[in-house]
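Visitor: Protein chains in written order, with the working numbering: chain A, 644 to 900; chain L, 118 to 554.
Treat the hints with care, since some could be wrong.
What the hints assert, rightly or not - Partial chain A-side listing against chain L, Cβ under 7 Å, derived:
| hint | residue |
| --- | --- |
| 1 | N721 |
| 2 | I723 |
| 3 | T724 |
| 4 | R758 |
| 5 | D761 |
| 6 | F762 |
| 7 | I764 |
| 8 | S875 |
| 9 | L878 |
As the list claims (entries may be wrong) - The calculated DSSO-like cross-link candidates involving lysine-lysine, where the alpha carbons are at most 30 Å apart (straight line), are:
| hint | chain 1 | residue 1 | chain 2 | residue 2 |
| --- | --- | --- | --- | --- |
| 10 | L | K294 | L | K440 |
| 11 | L | K314 | A | K718 |
| 12 | A | K899 | L | K294 |
| 13 | L | K440 | A | K852 |
| 14 | A | K848 | L | K514 |
As the list claims (entries may be wrong) - Computed far set for chain A versus chain L, every beta-carbon distance over 12 Å:
| hint | residue |
| --- | --- |
| 15 | A711 |
| 16 | T760 |
| 17 | F810 |
| 18 | M823 |
| 19 | R846 |
| 20 | G871 |
Keep in mind the hints are simulated off the structure, nothing from the lab.
A virtual CB, placed ideally from N, CA and C, is assigned to each residue, including glycine.
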Amino acid sequence: MLYFAGIDIGSVNSKAVIIKQNKIVCFKTVASGGNYTEAGNNVLEAALQAIELPRQKLSLAFTTGQGASRITSDKEVNEITSQGRALNFLFPNVRTIIDIGGQATRVSRVDEHGRVTDFAISEKCATGSGRFLQVMGRVLEVDLADMGPLSLKSTSPVKFGTSCAVFAESEAISRITEGMTKQDIIAGMHNSMAAKINSLIQRIKLKQKCGVTGGGAMDIGLVKSLEGIMESSLLVPPEPQITAALGAALLAREAKT
Amino acid sequence: MAEQQKTKTTATKSTKTAGKVRPIVKKMYLRAQEAAAEGRPIAYGMVASQYEEILRAMDITPIWTENYAALTAAKQVAEPYITKAEAEGFSNVLCKYAMVGIGFDAIRAETGKIPEGAPDGGMAQPTMLLGSSAVCDPRFKWYQTLGRYMDTPIHCIDVVYPNSNHFTLEMRDYYVKYQTEQFKELVNFLEKTTGTKMDWERLDHIMDIADETIQVWWDAYQLRKATPCPMPSQDHFSCMVPAYYLLGEQEALDFYRELHDELKERVDNKVGAVENEKYRLLWGGGLPPWHTLSIFNYFESLGAVFTIETSYHPPEPLEPMGKDVHPLKRLSSRVVDRAMKAQARAKEGCGDSRVQQILDLLKEYNNVGMMMHQARSCRAMSLGQIHFKNMVQEHIKVPTMFMESDIVDVRDYSEAQTKMQVDAFVDAVESYAQSLN
């Protein structure tokens, strides 16, 4: 049987997925830290060890993501293309994909084969990306994993008067001193992000069904806020952070067949 | 200490003729420096203001200040001028052409000499400033601002662009009359400032050369419809220089004759800009990122070639006017009739002249993708791009990429992000091309 690997070296985390035939046999995630080469090699090694597979048994390994060029692989593939293949594999009826990564948010339209037909990327601005969540988590002293559940408890979300992450940080501090609750501030932040992401979606025009991936998709507060502003339900993969790596593995399999 | 290797950011050109533009640009600035040394009149001017031939007929040496800003960007030396303008209190979201120009003249005013290390010897001190309303407002506000740094006569003209689908012949005549008055006032200003009279016969002759130049340029670009495409956009962004900055000179006409011959030969021998042309693309809006034109070569490495562009596109030649028409009326008619021609085509098509141009160029040049450049500091050329794309997609679902950067300021550019976008875009173009087959 042939094994294929996809490694996604992102700005925050590095992920590796190994597939065999039509199944994900293993996936691993490690923090990217400051060394993409080390992170990429380590995460692949961890995945191989987990299923006791020698590296030479891999038929092909493709890389994607911010640090894709930093490790040796059979091919470097595009993140947006990878996401298209992965979401098509997980949800064949998906036609729009929102990928909320640490560095940028990307929205793409795909055809019935998961091939990208149009896309838009957030400009060089943190507000529409996962970085915004990290910044605000630090200001509010809330773990990223707790932000979503807290946001859902909000009764009166704060309306941010800015779409800039830097200004929003100081605005959040002002709101804390005014006595606003963390859940209302976080919910307001989610709404602000959702509005920014929704403007990207409008650029390429939403086509149902729509899936959401990336680290941002693990934040239930953000997903609910997006669903609200889009007036549409979203499909969330069970492991939204690994989809780019999965797509790279699927592209490797495609290349072999 | 070992010298750090500089990364190449200029584009590798495809045609030999495009390679001849750089010496022409150098000569432009040298000419102005010589004029300054000899005490001859020098004008700061704005490209596409339609007064190029008037200056030429009166022996006024032009310095195209926007071109100089683009040159500093291409040479990766724009930043000191931009930061100087910022230090003078100008916002960093203003037009970066203007910021470079203002920074340059602020430094000159402060030091009493051309800034050290300025490319091509720098811009000579002008004896007059000629603003215009063509395209955007920095084109007259910039020169007004220069009053802080130099005491130089200034004149701004209005250049009409009738942008409506509801023309009548009566409206056309009104626009021509108004534009003629604008040119008359300009000539009066130039005569007063230089102390020399306009030679109308000479202007007429210069306009003949200009008209022929436009015709040859237009004909040359028709050859780019061939497959494989013989000339890519990075060559165009050089080859447009003689038409915009030397219009009316024999040298410009000779340049396009040479370009035409080269393109014809390439077409006859099926020599393409890309060895294995896979995708044909349209540069559908915005000025180019002068700081990193090498991005075009990245496209080429993926088998994609930009066959044509809406920016600096050669104007469609017009029927020649009779010899009894006054040269200023002839010049004005050219301005108005070009716009009216575009409007007439739009009227028969989608209704918007800018969108119609995109639709026509997609079809005529057999393009399967389009890129638009959203330049942060160039709102005039970036505004409405998403709307245009949406309008285009009502007719044809061509994949479109929006590149986000700037015309000059490399600080607004992310190489990694742009290349990632290009990769995804080319994938989308591939899917689209397959769907057409």
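Visitor: Please verify that hint: A/N721, Cβ, nearest Cβ of chain L, below 7 Å or not.
Guide: Holds: closest Cβ of chain L sits about 4 Å from A/N721, inside 7 Å.
Visitor: Can A/I764 be said to touch chain L, with a Cβ gap under 7 Å?
Guide: holds, 6 Å
Visitor: When you look at the beta carbon of A/M823, is every beta carbon of chain L farther off than 12 Å?
Guide: Non-interface label on A/M823 holds, nearest chain L Cβ at 32 Å vs cutoff 12 Å.
Visitor: Double-check A/F762 for me: the hint is only fine if its C-beta lies closer than 7 Å to a C-beta in chain L.
Guide: holds, 5 Å
Visitor: Less than 7 Å between beta-carbons is the criterion; does A/R758 satisfy it with respect to chain L?
Guide: holds, 4 Å
Visitor: Between L/K314 and A/K718, is the straight-line Cα distance small enough, at 30 Å or below?
Guide: violated, 69 Å
Visitor: Just to be careful: measuring from the Cβ of A/D761 to every Cβ in chain L, is the smallest value less than 7 Å?
Guide: Holds, about 6 Å.
Visitor: Verify the interface restraint on A/L878: the C-beta must sit less than 7 Å from at least one C-beta of chain L.
Guide: violated, 21 Å
Visitor: Would you settle whether the hint for A/I723 is holds or violated, based on the nearest Cβ-Cβ distance to chain L being less than 7 Å?
Guide: Hint on A/I723: holds, closest Cβ of chain L at ~4 Å, below 7 Å.
Visitor: Is L/K294 within 30 Å of L/K440, Cα to Cα?
Guide: holds, 18 Å
Visitor: Does the claim that A/G871 lies outside the interface with chain L hold up, using a Cβ gap greater than 12 Å?
Guide: The claim holds: A/G871 sits with its nearest Cβ about 24 Å from chain L, beyond 12 Å.
Visitor: With 12 Å as the threshold, tell me whether A/R846 passes as away from chain L on beta-carbon distances.
Guide: violated, 6 Å
Consistency note: the structure conflicts with the earlier hints numbered 8, 9, 11, 12, 13, 15, 16 and 19.
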